[in-house]
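Protein chains in written order, with the UniProt record's numbering: chain D, 1 to 276; chain Z, 1 to 435.
Check each hint, because a few of them may be wrong.
[Stated by the list, open to error] Every beta carbon over 12 Å from chain D, so not counted as near; a handful from chain Z, in silico:
no.	residue
1	Ile26
2	Trp55
3	Lys171
4	Ala247
5	Thr268
6	Ser273
7	Ala330
8	Glu351
9	Tyr381
10	Leu423
[As the list claims (entries may be wrong)] Quick list of in silico lysine to aspartate or glutamate cross-link-like pairs, DMTMM-like style, CA-CA up to 20 Å:
no.	chain 1	residue 1	chain 2	residue 2
11	Z	Lys270	D	Glu39
12	Z	Lys253	D	Glu41
13	Z	Lys38	D	Asp133
14	Z	Lys270	D	Glu57
15	Z	Lys154	Z	Asp143
16	Z	Lys219	Z	Asp377
17	Z	Lys333	D	Glu53
18	Z	Lys270	D	Asp70
19	Z	Lys309	D	Glu41
Don't read these hints as lab results, they were simulated from the structure. Note that CB positions come from ideal geometry on N, CA and C, so glycine has one too.
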Amino acid sequence: MATNSSNKTKVIYTLVAWTISGMIFFPILWTIITSFKTEAEAISASPSLFMFEWTLENYTQVLARSPYFDHFLNSVIISLGASIAGLLVAIPAAWSMAFVQTKRTKGLLMWMLSTKMLPPVGVLIPIYLLFRDVGLLDTRLGLVIVMTLINLPIMVWMLYTYFREIPHEILEAARMDGAGIKEEILTVLLPIALPGIASTLLLNVILAWNEAFWTLILTAAHAAPLTAFIASYSSPEGLFYAKLSAASVMAVVPILILGWFSQKQLVRGLSFGAVK
Amino acid sequence: MLKKLSLMLAGAMSLSAIAQTQTITIATVNNGDMITMKELSSDFKKKYPDIDLKWVTLEENILRQRVTTDVATGGGQYDVMTIGTYEVPIWSKQEWLQPLDALGEQYDVDDLLPAIKSGLSVDDTLYAAPFYGESSMVMYRTDLMEKAGLKMPKAPSWEFVRKAAAAMTDKAAGVYGLCLRGKAGWGENIALLTAMSNSFGARWFDENWQPQFDSKAWKDTLEYYVDVMNKYGPPGASANGFNENLALFQTGKCGMWIDATVAGGFVTNKKDSEVADKVGFALAPDHGLGKRGNWLWEWTLAIPSSSKKSDAAMQFISWATSKEYAELVAEKKGWANVPPGTRASLYENPEYLNAAPFAQITLDSINSADPKNPTVDPVPYVGIQFVAIPEFQGIGTAVGQQFSAALTGRMTVDQALQSSQRLVERAMRKARYPK
């Protein structure tokens with residue numbers, strides 16, 4: 001009797017999980033399907049899910065019209081560069097906040113997080129002027145700096161949470177064995193917190209890849225990443241849904257593949273310390 | 001020795017050629033005519049091998065945000081910017097644009113349509129060159145009109161449009177008599193309703209910059225719009241912009257559609273439109289007060305003051321907006337695809353008139369639009385479907401949201417107008433008008 005009831009619950013949970021997953025995935029599926037339609041079919045009042053004439057025309061047109069690989073390379077450099085640069089700053093910052101706490105640590109953490117509450121447009125003009133004056137407009141380096149600074153509070157917070165789960169005694173033991181700060185972080189802390197660091201890195205790569213305010217404003221023809229590539233396929237006058245869908249698929253596929261292969265690491269890192 | 005010398009000379013010459021090559025960055029919108037310009041720019045490269053072109057193509061709103069930031073801060077990221085008739089008077093007044101005074105002897109400035117040239121000039125100096133222009137017009141289904149026993153006049157009234165919409169509507173068959181923009185936004189429903197209100201005798205401001213939404217003319221405009229859209233419009237009209245109505249019209253769901261003249265090319269394109277051979281065109285309607293509900297919009301090419309390559313940029317603009325460019329498009333893409341609404345000579349060309357059945361209505365609509373005298377009563381501003389002041393994007397969208405709420409029934413017409421009056425009064429006070 002108890003097994004029956006438990007099986008039923010399992011089936012219900014599975015169904016609910018599939019339904020929610022389906023709802024989340026449906027817009028992506030719809031975009032993928034639309035990318036294989038003609039523009040006329042894409043706007044049809046009675047759209048078909050699979051029964052239409054499949055075409056690769058949108059992909060060939062998009063590839064012919066835009067330098068996709070230039071945008072792709074910019075996205076890779078900006079998102080990876082910003083995530084690695086962010087880690088280099090966030091790891092020592094999170095270490096000090098987790099293991100050398102003062103009475104101001106919590107306030108400092110909250111202040112760092114509060115910078116995320118500021119609408120980006122509020123600092124647009126000062127940053128734009130600064131970039132203009134130092135020649136960083138439309139450069140990858142400029143975007144790496146901005147992306148690093150934007151995501152730094154999240155990186156510090158994530159790493160701080162992971163580091164807090166590591167028993168202080170382990171680090172104390174290392175210190176008693178004569179380890180300095182550098183050895184403590186590099187040889188003791190990092191190997192233990194590797195899943196957390198990896199998930200922080202991956203999450204920030206995704207955040208930087210998808211960022212579409214600064215990447216659109218601060219770039220023109222040289223450093224524009226895939227967000228600018230997508231934005232070039234929307235139009236207020238004319239048919240564009242199929243080509244826009246093709247451009248969107250081409251922009252998200254690399255990050256989807258990365259997410260797919262690293263999902264185990266990502267989930268492990270994100271749930272690190274969630275259950276005691 | 002001689003060989004060595006000549007090699008050195010050749011090397012020096014090629015170095016000098018490299019040094020002289022300039023790259024200009026062009027920011028443009030993702031509209032069909034601009035994509036064609038990009039495709040055909042190899043012709044420009046052939047004529048000017050020492051000028052390289054870098055393209056930044058973006059969706060209209062993103063482009064506006066980006067070029068506005070750049071031009072206002074003197075960022076210098078772009079050498080040629082695609083901007084609209086809304087920006088030109090404001091930006092030239094701020095000295096953010098360079099005057100286009102070196103377009104070349106062959107350019108023929110006097111061939112530009114007078115209404116267009118006037119909208120892009122300050123004190124007779126041209127600050128932007130028109131790339132393509134549009135007004136608005138009525139597009140209608142000739143078969144449904146005939147079935148309804150009506151004949152569309154060349155210059156209909158709003159009352160005729162109401163009558164025709166009622167006669168053409170067949171909701172059971174999924175056919176709606178009238179499709180109009182309902183999506184909130186200064187470039188969406190406000191473009192339509194501001195132009196429409198001009199024909200009803202309304203205006204945004206009186207001569208002292210006092211908002212006029214409490215006037216009878218605005219009430220008549222909005223009541224008409226809400227009434228016809230609720231009775232004869234498609235469901236969910238408050239979410240419809242240009243593209244949504246285009247899709248409805250092309251799939252045979254609209255009896256009439258009043259929108260940009262550029263749509264003429266889309267609805268008669270047999271590849272995409274199911275009703276391509278059943279479309280007629282007429283001027284935007286009037287209300288018997290001497291003004292029609294048509295607007296005027298021009299996509300133009302301009303050089304920001306921050307550009308350091310203005311000579312090369314000027315040469316590009318001169319090429320892209322010339323008569324020769326129109327001929328190049330005609331040769332490569334056909335006359336129907338030539339950017340419309342900029343030059344009088346295009347409308348004297350029988351080949352173009354033959355290829356574009358909407359050409360004459362487009363020309364008449366553009367010629368009848370007067371951005372400097374847009375309303376029945378005098379106003380202190382320039383602009384037909386917009387008011388050319390920096391605050392308009394904000395207040396236009398806010399008012400558009402009130403009108404959209406009236407369309408969905410979340411507000412009455414009176415409430416929407418009262419609310420608009422209040423919010424525009426507040427915005428104008430804050431901006432310290434009259435200036």
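Verification of the hints:
With a least CB separation of 9 Å from chain D, Z/Ile26 falls inside the 12 Å interface cut-off, contrary to its annotation. Non-interface call for Z/Trp55 relative to chain D: violated, since the shortest CB-CB distance, roughly 7 Å, does not exceed 12 Å. In this structure Z/Lys171 is separated from chain D by more than 12 Å, as the shortest Cβ-Cβ distance comes to about 14 Å. Distance check for Z/Ala247 against chain D: the nearest CB is about 4 Å away, which does not clear 12 Å, and the non-interface claim fails.
The Cβ of Z/Thr268 lies farther than 12 Å from every Cβ of chain D, with a closest approach of about 14 Å, so its non-interface assignment holds. Residue-level check failed: Z/Ser273 sits 8 Å from the nearest beta carbon of chain D, not beyond 12 Å. Look at Z/Ala330: its CB is around 20 Å from the nearest CB on chain D, clear of 12 Å, so calling it non-interface holds up. Its beta-carbon lying about 24 Å from the closest one in chain D, Z/Glu351 satisfies the requirement of being farther than 12 Å from that chain.
With a closest Cβ-Cβ approach of about 23 Å to chain D, Z/Tyr381 is found to remain outside the 12 Å limit, as its non-interface label requires. The claim that Z/Leu423 lies off the interface holds: its Cβ sits roughly 21 Å from the closest Cβ of chain D, which is beyond the 12 Å cut-off. A hinted pair counts as satisfied when its Cα atoms are at most 20 Å apart, and Z/Lys270 with D/Glu39 qualifies at roughly 13 Å. A C-alpha spacing of about 15 Å is found between Z/Lys253 and D/Glu41, which places the hinted pair at or below 20 Å, so the restraint holds.
At roughly 31 Å between alpha-carbon atoms, Z/Lys38 and D/Asp133 are farther apart than 20 Å, so this suggested pair is violated. A threshold of 20 Å between alpha carbons decides the hint, and for Z/Lys270 with D/Glu57 the separation of about 18 Å falls inside it, so the pair holds. Between Z/Lys154 and Z/Asp143 the alpha-carbon distance is near 17 Å, which keeps this suggested pair within the 20 Å criterion. Simply put, Z/Lys219 and Z/Asp377 have alpha-carbon atoms about 16 Å apart, close enough for the 20 Å limit, and the pair holds.
For the suggested pair Z/Lys333 and D/Glu53, the alpha carbons sit about 26 Å apart, so the restraint of at most 20 Å is broken. Proximity of Z/Lys270 to D/Asp70 is assessed by CA-CA distance (about 36 Å); at most 20 Å being required, the pair is judged violated. Among the hinted pairs, Z/Lys309 with D/Glu41 is inconsistent with the structure: their alpha-carbon atoms are about 44 Å apart, more than 20 Å.
Hint violations for this structure: numbers 1, 2, 4, 6, 13, 17, 18 and 19, all remaining hints satisfied.
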